[in-house]
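Trainee: The lines below spell out each chain.
There are 2 protein chains.
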Amino acid sequence: MRWSNTFIPTLKEDPQDAEAISHKLMVRAGLIRRLTAGAYIYLPMGYRALRKAEEIVREEMNAGGGAELFMPALQPPELWKKTGRYDDMGDVMIKYTDRHGKEIALGPTHEEVVTDLVSREVRSYKDIPLILYQIQTKFRDEVRPRFGVVRSCEFIMKDAYSFDADVEAMEASYKKMYDAYCRIFKRCGVPYVAVEADPGLMGGTVSHEFMVPSKMGEDRIIICSQCGYAASTEVAGASSKDDRKKDPEKPKNIEEVSTPGLSTAMDVSKFLKVDPRDLIKTLIYIADDEPIAVLVRGDHEANETKIKNKLSAKTLELADEEKVKEVTGGDMGFSGPVDLGIRIYGDDSVKNMVNAVAGANKKDTHLVNVNPGKDFKVHQWMDARIITETDPCPKCGSDIELKQAIEIGHTFKLGTKYSEPLNAKFLDEKGKECLIIMGCYGIGINRILASLIETSCDKDGIIWPVSIAPCEVVVIPVKREDEDLFSEAERVYEELCEAGVDVILDDRKKTIGVKFKDADLIGFPGQVIIGSKGLKEGKVEVKSRATGENSFVDKDKVVESVKAILGD
Amino acid sequence: MRWSNTFIPTLKEDPQDAEAISHKLMVRAGLIRRLTAGAYIYLPMGYRALRKAEEIVREEMNAGGGAELFMPALQPPELWKKTGRYDDMGDVMIKYTDRHGKEIALGPTHEEVVTDLVSREVRSYKDIPLILYQIQTKFRDEVRPRFGVVRSCEFIMKDAYSFDADVEAMEASYKKMYDAYCRIFKRCGVPYVAVEADPGLMGGTVSHEFMVPSKMGEDRIIICSQCGYAASTEVAGASSKDDRKKDPEKPKNIEEVSTPGLSTAMDVSKFLKVDPRDLIKTLIYIADDEPIAVLVRGDHEANETKIKNKLSAKTLELADEEKVKEVTGGDMGFSGPVDLGIRIYGDDSVKNMVNAVAGANKKDTHLVNVNPGKDFKVHQWMDARIITETDPCPKCGSDIELKQAIEIGHTFKLGTKYSEPLNAKFLDEKGKECLIIMGCYGIGINRILASLIETSCDKDGIIWPVSIAPCEVVVIPVKREDEDLFSEAERVYEELCEAGVDVILDDRKKTIGVKFKDADLIGFPGQVIIGSKGLKEGKVEVKSRATGENSFVDKDKVVESVKAILGD
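Taken in sequence, the protein lines are chains V and H.
1 is the number of the first residue of the first sequence in our numbering; add one for each residue after it.
1 is the number of the first residue of the second sequence in our numbering; add one for each residue after it.
Certain hints may be false.
To be verified - Chain H residues, not near chain V, derived (Cβ > 12 Å throughout):
#1 K24
#2 K175
#3 V193
#4 K215
#5 Q226
#6 R277
#7 A302
#8 D383
#9 F552
#10 D554
To be verified - Dumping the calculated DSS-like pairs for lysine-lysine here, alpha-carbon to alpha-carbon at most 25 Å:
#11 K432/H <-> K509/V
#12 K102/H <-> K138/V
#13 K425/V <-> K509/H
#14 K102/H <-> K102/V
#15 K479/V <-> K515/V
#16 K425/V <-> K12/H
#17 K430/V <-> K510/H
#18 K509/V <-> K425/H
#19 K12/H <-> K126/V
#20 K95/V <-> K102/H
If you are wondering where the hints come from, they were derived from the structure by calculation, not from laboratory data.
Ideal placement from N, C-alpha and C gives every residue a C-beta, glycine not left out.
Turn these sequences into a full structure, and let the hints guide you.
Mentor: See below:
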């Protein structure tokens, strides 16, 4: 490809609306442009990288036994009503009414459509196992689209669905997909971690998230460097080890203290000069329409995923100010477990607290010397908090690390969550009708690019792996005007093309400074620089973007040297 | 690929909702399934064919100098308001309001988005010429989706846009794209005709449609077998040759005749026993809010495209019954040019009519002996009718053929229709700001498949060209249970795979009858049949789907024979 035939609008400055480094670099390197909130144009260089990632995904899905199909974005909402997700999705699912007055949804995902398809076409145990997948555009009305293509309203997803006769067979399909995911992310050069995760809205029991640690990630994971255990903080078990001081105080009697305007744990602990560990935070939730209280220690955060799962609640939301007042009698920030007339759930770490501080359910007032068991009863003790960096590894007890991460893939064991409401059945060998056991598997293709860039760049720009680089090599003639030099550049370019290298010739009439800057910014893995000084000695410069190493090689050995840099 | 690893639900019966043969065959052969009105799932075999067509389109667009990008389906309506097409598109453009109250459109096409992009990024004459294209999903709320994937609400289009400094350069880009289109359709095996066409809503002056003659086509074209001229009936010039009888009658005086309830030309001509050629049809239109009359001969049809263009009208619609009564004083079907108080436009063929029959603008009454010039005046004579099969070729005067056809591609010379309202300018070599001259170029990828099947099938199923067949060859073991025979089939399959042939192994436990029927129905170009009788002599059967020719070849010469059938 010749630079003049394509469209690479690079920028010197970071775009103003970008926070994430990947977002900045994708815009500056001319990979993407914003069209409207959460919708990006992939420019030629960005789209080349995207398509290479897609092709790797396709190859590995095929190798894992998947068959590719292509389902519409336009979906009948009736299918979503059958599974109950029409309401669950809420405003995230985009809908419109067509000219005939029919409501149509834009697919945020395709479990409903593919399960309905299979329910109509699969009859017998001979028709399964079956793994269907697609690489297709999804639509979601995000509350806050951000980080460029990381959280957008329109994005390209690889979604796969497995259909099996029993749980054992589903496990085998799950493993095939899990392994395919590992191969995909490895080939794309993305430093991923597979972690245990919460299935959430998707349903099912077990799921794994494929995460790329990064400061801009919206998710948090823990990693144990000892045993290798990794999990999202949503599911990682927090320690319930006895946390009492070795020489505990004796329980004293409750006293009221005035804490005017101090509604946060931090404020209260400062004011009363007590460790946040000695505070009980009392959170009022509405769980499936019933108000409940959840207690966690002052230095901990409540984990809504765990609470929701343990309570088997369909919905769990923090109560608003009005509701808190109605339920507790006090203002928000002054709730406490003593004399509270609703069910109380306590985090394990609260159980053995002695002489703690808690809200008094009364304006501008807290209680001191509050003791669980003595002063209030808990309906159920449970792991109700988010794991912290000071917790031990839930598997081996060693130290753990807490990291921000970007989710690039998610695999789910679904069971019959979709096959049951959508009636996806098969006749087994004995002619008995059985529900199909499903799994589903998603990869955000856009996020492969963003997370790669997030973790592989320097001050000059992007550092692509060869596998998904927009082009593998750029050929740069130092002077475009020097016809002899340029024709030598063209010769090298042609030679590399013929050798099967994906190469771009920078044939622009720009200064060499601009060309070098753009080459580094876009981040082609290899650079071949044709200068008059080298040419006099029959040599050209071959340089690696990743290592910065360069060498002058005989002009008839360019292909060899370039292939060495590319690792061929 | 092994049949058992993919998903090919073939059907014995035609689907009930299908009219077109391509629609029937695509469903029966397991290529597509309907999800909802105008939205189809591409199953694995259909998607393979689609992707092969896409790849041919991509290769030829690249060869024509195009750079591929990918624009979002979600578009800001503001851009459409700037070009005036927000209103023009009407209900065809799907819109919804997002959670922040903002209206978002689903792109029915991308002129606005790409021109806006270029207006922001292109600065100088050095940045152009530029041809940008994408292969992307479009959304249109069709009044009547039909013929399967031919007219659907969601479809895959290749849309390209050229940006040039002047008309001459635009003509060069246009030619590149026109030539690329010819190569694309030829490689896909589609029997296309390139015809002159009306630009319609897209704007610009000149356009070409790429049409595939087919009974189910929604468009009509004329073809001259002598000079090769081809055009859509919307634009083909109708003859204005003097059509009078050699010995014309003398004009007589008008008389009223009673024609109770006879409101069509056919009814009136039968009742009065006159040739429809001697009737004047008077059509009342509303052109940009002004009522006008258009006269055509009783045996002709008015051509609204021509009328609209000649009048430079933005809108042209037939008047409703009420309006006809208001304007003419008579009922619909009884309008005539005599004493009509609105502008009259007459088709050239009406000019020399003598003693014609026309409506009397009065209930149940017609006039006879009506003579143009004498009895009424015409504001303008023009070519206002649709060409008929009895017309001569507008270019060479020879006989023409009229055909139904499917539009699979359309190229437009747009000029500044989009660059002007969207402010897409560049600085020329003298530093002067100039508008960019544009062209645009669309291909309906889905329609390549449908039109191919429409023109290449027999009673048994589809006959694919090698280029876009879902698989090139199917290997059929006659008995799946016979392990020796099956392992020989596997060997042949592996050998073909290794030779780079795109092959599927029918490893299903089905009767040989079912396998043969499915192979013919899906229409793989080559079939390799492994039977025990042949194997005893060391031979396998190699068969061409297109010709039906078969031969028994030595089992170590399969690759050679298969490649011969595939034309390699």
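Trainee: Tell me the numbers of any earlier hints that the structure contravenes, in ascending order.
Mentor: Those not satisfied: there are none.
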